[in-house]
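Each protein sequence line maps, in turn, to chains V and Y. Just so you know, the first sequence maps onto residues 1 to 211 in the working numbering. Just so you know, the second sequence maps onto residues 1 to 211 in the working numbering.
Please note that the accuracy of each hint is not assured.
Pairs count within a copy or across copies, as identical chains cannot be separated in the list.
[Stated by the list, open to error] Heads up, simulated DSSO-like pairs for lysine-lysine below, C-alpha to C-alpha not over 27 Å straight-line: (1) 181 with 30; (2) 72 with 185; (3) 121 with 136; (4) 121 with 72; (5) 121 with 193.
To be clear, the hints were calculated from the coordinates, so they are not data collected in a lab.
Listed below, chain by chain, are the residues.
2 protein chains.
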Amino acid sequence: MLHDQTIGDYAAGGRHYPPAPARDQPIRLKPDETIYSEGEHARAIYQVETGAVRIYRLTPSGQRYILSFCGKGEWFGLETGNVRTDFAEAVCETSIRPFRASQNTAAPIDLLHIALTNLAKAQHKQLVITEQSALKRVAAFVFEMAERHPGAREFDMMMSRSDIADYLGLTVETVARCFTKLREKHVLCLNGKLQRIVRLLDRDALIALTV
Amino acid sequence: MLHDQTIGDYAAGGRHYPPAPARDQPIRLKPDETIYSEGEHARAIYQVETGAVRIYRLTPSGQRYILSFCGKGEWFGLETGNVRTDFAEAVCETSIRPFRASQNTAAPIDLLHIALTNLAKAQHKQLVITEQSALKRVAAFVFEMAERHPGAREFDMMMSRSDIADYLGLTVETVARCFTKLREKHVLCLNGKLQRIVRLLDRDALIALTV
DNA sequence: CGGGTGCTTGACTAGCATCAAATGTAGTGG
DNA sequence: CCACTACATTTGATGCTAGTCAAGCACCCG
Chain V
1 MLHDQTIGDY
11 AAGGRHYPPA
21 PARDQPIRLK
31 PDETIYSEGE
41 HARAIYQVET
51 GAVRIYRLTP
61 SGQRYILSFC
71 GKGEWFGLET
81 GNVRTDFAEA
91 VCETSIRPFR
101 ASQNTAAPID
111 LLHIALTNLA
121 KAQHKQLVIT
131 EQSALKRVAA
141 FVFEMAERHP
151 GAREFDMMMS
161 RSDIADYLGL
171 TVETVARCFT
181 KLREKHVLCL
191 NGKLQRIVRL
201 LDRDALIALT
211 V
Chain Y
1 MLHDQTIGDY
11 AAGGRHYPPA
21 PARDQPIRLK
31 PDETIYSEGE
41 HARAIYQVET
51 GAVRIYRLTP
61 SGQRYILSFC
71 GKGEWFGLET
81 GNVRTDFAEA
91 VCETSIRPFR
101 ASQNTAAPID
111 LLHIALTNLA
121 KAQHKQLVIT
131 EQSALKRVAA
141 FVFEMAERHP
151 GAREFDMMMS
161 RSDIADYLGL
171 TVETVARCFT
181 KLREKHVLCL
191 NGKLQRIVRL
201 LDRDALIALT
211 V
């Protein structure tokens, strides 16, 4: 009976064929609702169906640092051990699907592929962050968000300025200033009461900024 | 015959039981010798036996960014696809052991565990880098190096100042200034003609700096 | 001795954090 | 309908940190 086996267990002893998941019911979440917290026992991994999730840690000094945002189709919650090392929260109205380690039913989840994808994301983020200049980082962020809405004239970032700041290692003020710079350069427009709806005016200029 | 299968192949199609490795002969490397380069076909993963390896990328502007240093026992070279996305070089006299995907012989390699370990490393590094203040970053780096030599009075970092700078997203000058500050604070001594041999004087003070 | 390399130090500057305040929008209650 | 609060974003003024440019030092080797 594998039902109580945790994700961490087969991450640690991954010599075994990954147990097939039992497809659980999707979970609907309100904005800022917690999915799991640091220190908890890791029982499942998740796939985002709609909306977005933020994965973050709190430093000893209480500062929040957002490791990643997960959008539609992306996986999160895979840990090295069987204890959560970070927090997961819904950014907005979100629906996620949990997968637990249980008896073989359907096709097994490709945990290795998920881990490698997340690793590639984390490495790319390292480059973005150290690639100093606040404007570059914000441009890279906007580009990343735009890639999630291919072909759309406009899209909603959904994250607050402080989410973006904690993601990019900047302050809220600096992020706001960068957005106004991007507007002044006619790279994008911001709409919506919270100015989170982006309309890209000059995609090439945006890309040029991230280089 | 799986002999020509690449790492990327079973990373992408990882639903299969990881092929058991053929234990290849160790490779001895001189300082700065290349192990693989961006764009090459990924044929093997490696484990460090002695010495150290730097994994890095070059930005479009030609800047080097070091993603990680791999020390004794650590694995590198596992890619999402079958093409190298980064460079690997020996930092110093180094011996590594390659593992190729070939017919089942010995125990299979736990690729998932390797991927998750590297992911955890990458995430930790994100925190270190965004945790502003050059001194904190350098302190965290020294601590990381010290952890690789538990119980040793002294140890050789082996990396040059510019390696450290490219790893932490700082400049050589800033790194040097931080080391002198650490000396002034009597946290450590530096010995050797290249000032790369560290003697920790106040481990607690070092840890306090990284918080 | 001269040149090369890697580390350190100094002077100056640009860019981001910090502190503070203004703006805009929505919601509440009189 | 308007005053008032609450919240997120934006803007402004100022200081500090790390980057930049430049020079100096220590060591090694031909």
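Here is what the structure says about each hint:
1. 181 with 30: Intra 32 Å, inter 48 Å, cutoff 27 Å: neither.
2. 72 with 185: This pair counts as neither: shortest intra-copy Cα distance 30 Å, inter-copy 49 Å.
3. 121 with 136: both (17 Å within a copy, 25 Å between copies)
4. 121 with 72: both (15 Å within a copy, 25 Å between copies)
5. 121 with 193: Result: close neither inside a copy nor across copies, 31 Å intra and 39 Å inter.
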